[in-house]
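Colleague: Each chain, letter by letter, is given below.
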Amino acid sequence: MPQENAQVRFKSAVGILVDEKDRIKERLLVAYASQLSGVDPKRDLPDAMVAPFKGLQYALSDAEIAYGFGAHAAKKIHDMDENEAAVLARGIFTMFLQLHGLPV
Amino acid sequence: MSEECVIAVYGDAADARQAVHILDRGGFPMPQVSLVSAGLKDRPEVLEDIEMGDDSIKDAAVGAGLGAVVGVLAGTAAAMVAGLGLIFLMGPIGGGVVGAMTGAFLGSLSGWGVHAKRIQHYEKLVIKEGKSLLIAHGDPLQLNEADRMLKETATEELHIYAKTDSEAPEARLD
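Chains as they are written, first to last, in my numbering: chain E, 1 to 104; chain V, 1 to 174.
Honestly, the hints are just simulated from the structure, not real lab data. Please note: incorrect hints may appear among the correct ones.
Pairs of lysine-lysine, DSS-like flavour, derived with a Cα cap of 27 Å [as the list claims (entries may be wrong)]: (1) V/Lys163 <-> V/Lys151; (2) E/Lys54 <-> E/Lys75; (3) E/Lys54 <-> E/Lys42; (4) V/Lys163 <-> E/Lys75; (5) V/Lys151 <-> V/Lys124; (6) V/Lys163 <-> E/Lys25; (7) E/Lys21 <-> E/Lys11; (8) E/Lys21 <-> E/Lys75; (9) V/Lys151 <-> V/Lys117; (10) E/Lys75 <-> E/Lys11; (11) E/Lys25 <-> E/Lys54; (12) V/Lys163 <-> V/Lys117; (13) E/Lys42 <-> E/Lys11; (14) E/Lys11 <-> E/Lys54; (15) E/Lys21 <-> E/Lys42; (16) V/Lys128 <-> E/Lys42; (17) E/Lys11 <-> E/Lys25; (18) V/Lys128 <-> V/Lys117; (19) V/Lys151 <-> E/Lys11; (20) V/Lys128 <-> V/Lys151; (21) E/Lys21 <-> V/Lys163; (22) E/Lys21 <-> V/Lys151; (23) V/Lys124 <-> E/Lys25; (24) E/Lys54 <-> V/Lys151.
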């Protein structure tokens with residue numbers, strides 16, 4: 001089931017954000033690169049979550065978007081400050097809760 | 001042995017080590033990952049999880065199907081990261097034994113579809129320019145996953161190589 005793919009990946013991503021030892025930016029990179037980059041929003045997510053997830057993807061990695069000046073996650077996360085990274089991490093946790101039908 | 005591989009080049013050994021960690025957290029089998037890197041001795045934070053030992057290095061080399069490399073490894077400053085297929089710690093760039101060791105290992109990449117000219121390119125990157133290589137081998141599905149993950153890292157170059165039956169240049173998917 002497509003949504004199961006997203007649930008598993010978001011669960012793993014949240015696990016990385018919680019139990020990795022590095023600073024938030026490094027944890028965010030590992031969580032996104034290893035797990036969330038494998039989520040296809042149109043295939044794997046409920047309709048209501050497609051736009052928020054695409055917003056998250058755009059913030060973390062927009063190299064594949066055809067406007068010619070995007071960057072992959074390592075560069076984008078390197079350039080953001082810790083507060084911005086923390087906001088994105090909270091966004092991932094919120095989506096995890098939504099996917100699993102838990103109160104946000 | 002799987003006949004395809006993906007090779008990522010990193011200017012900073014710490015970025016290469018982080019990429020290995022990303023593959024690990026993404027479920028890619030660590031015995032199918034190798035890291036060839038210069039200057040790790042100068043990065044103690046990168047060496048935290050490295051186990052030193054000639055026997056483990058030889059076992060890893062044989063396990064990775066690189067038996068020809070084993071003879072070169074003896075007595076060199078090489079080590080294996082726990083769980084990785086093979087890792088080389090290099091001494092001074094261009095040093096005789098280390099250069100031969102790296103050359104032997106990189107030469108074995110032809111078995112994974114990497115053309116001779118590309119191997120020379122990687123040798124130059126590692127030995128002359130001090131870059132780090134992350135090499136992951138596996139079936140096409142595994143490599144597509146590895147490619148997806150590694151695209152998000154601080155890689156300077158990233159290529160998938162597939163062994164073909166023809167004499168044509170390597171299949172380049174990027």
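Colleague: Against this structure, judge whether each hint is valid.
Modeller: These are the hints, each one checked on the structure:
With a CA separation close to 21 Å, the supplied pair V/Lys163 and V/Lys151 stays within the 27 Å bound. In summary, the hint linking E/Lys54 to E/Lys75 is supported, as the alpha carbons are separated by about 18 Å, within the 27 Å threshold. Restraint check for E/Lys54 and E/Lys42: satisfied, since their Cα atoms lie roughly 10 Å apart, inside the 27 Å limit. The suggested pairing of V/Lys163 with E/Lys75 is violated, with an alpha-carbon distance near 32 Å, which exceeds 27 Å.
Straight-line distance between C-alpha atoms of V/Lys151 and V/Lys124 comes to about 22 Å, which keeps the hinted pair within the 27 Å bound. For the hint pairing V/Lys163 with E/Lys25, the CA-to-CA distance comes to about 37 Å; that exceeds 27 Å, so the pair is violated. Between E/Lys21 and E/Lys11, the direct Cα distance comes to roughly 18 Å. Compliance with the 27 Å bound is thereby established for this hinted pair. Our distance criterion of 27 Å between C-alpha atoms is met by E/Lys21 and E/Lys75, whose separation comes to about 20 Å.
The hinted pair formed by V/Lys151 and V/Lys117 meets the criterion: a straight-line CA distance of about 23 Å does not exceed 27 Å. Distance restraint check for E/Lys75 and E/Lys11: the Cα-Cα separation of roughly 24 Å lies within the 27 Å cut-off, and the hinted pair is therefore satisfied. For a cut-off of 27 Å, the pair hint linking E/Lys25 to E/Lys54 stands: about 19 Å separates their Cα positions. Between V/Lys163 and V/Lys117, the direct Cα distance comes to roughly 15 Å. Compliance with the 27 Å bound is thereby established for this hinted pair.
Restraint check for E/Lys42 and E/Lys11: satisfied, since their Cα atoms lie roughly 19 Å apart, inside the 27 Å limit. Under the criterion of a C-alpha separation no larger than 27 Å, the hint pairing E/Lys11 with E/Lys54 is consistent with the structure, at around 18 Å. Between the alpha carbons of E/Lys21 and E/Lys42 the distance comes to roughly 32 Å, so the proposed pair goes past 27 Å and is violated. Only pairs whose Cα atoms come within 27 Å are accepted, and V/Lys128 paired with E/Lys42 is rejected, the gap being roughly 45 Å.
Only pairs whose Cα atoms come within 27 Å are accepted, and E/Lys11 paired with E/Lys25 is accepted, the gap being roughly 18 Å. For the suggested pair V/Lys128 and V/Lys117, the alpha carbons sit about 16 Å apart, so the restraint of at most 27 Å is met. As the CA atoms of V/Lys151 and E/Lys11 are separated by approximately 22 Å, the hinted pair is consistent with the 27 Å bound. Restraint check: the Cα-Cα separation between V/Lys128 and V/Lys151 comes to about 25 Å, which is no more than 27 Å; the hinted pair holds.
The straight-line distance between the Cα atoms of E/Lys21 and V/Lys163 is roughly 39 Å, outside the 27 Å bound, and the hint therefore fails. For a cut-off of 27 Å, the pair hint linking E/Lys21 to V/Lys151 stands: about 23 Å separates their Cα positions. This hinted pair does not check out: V/Lys124 and E/Lys25 have alpha carbons roughly 32 Å apart, beyond 27 Å. A hinted pair counts as satisfied when its Cα atoms are at most 27 Å apart, and E/Lys54 with V/Lys151 qualifies at roughly 18 Å.
Hint compliance for this structure: hints 4, 6, 15, 16, 21 and 23 are not met, and every other hint is.
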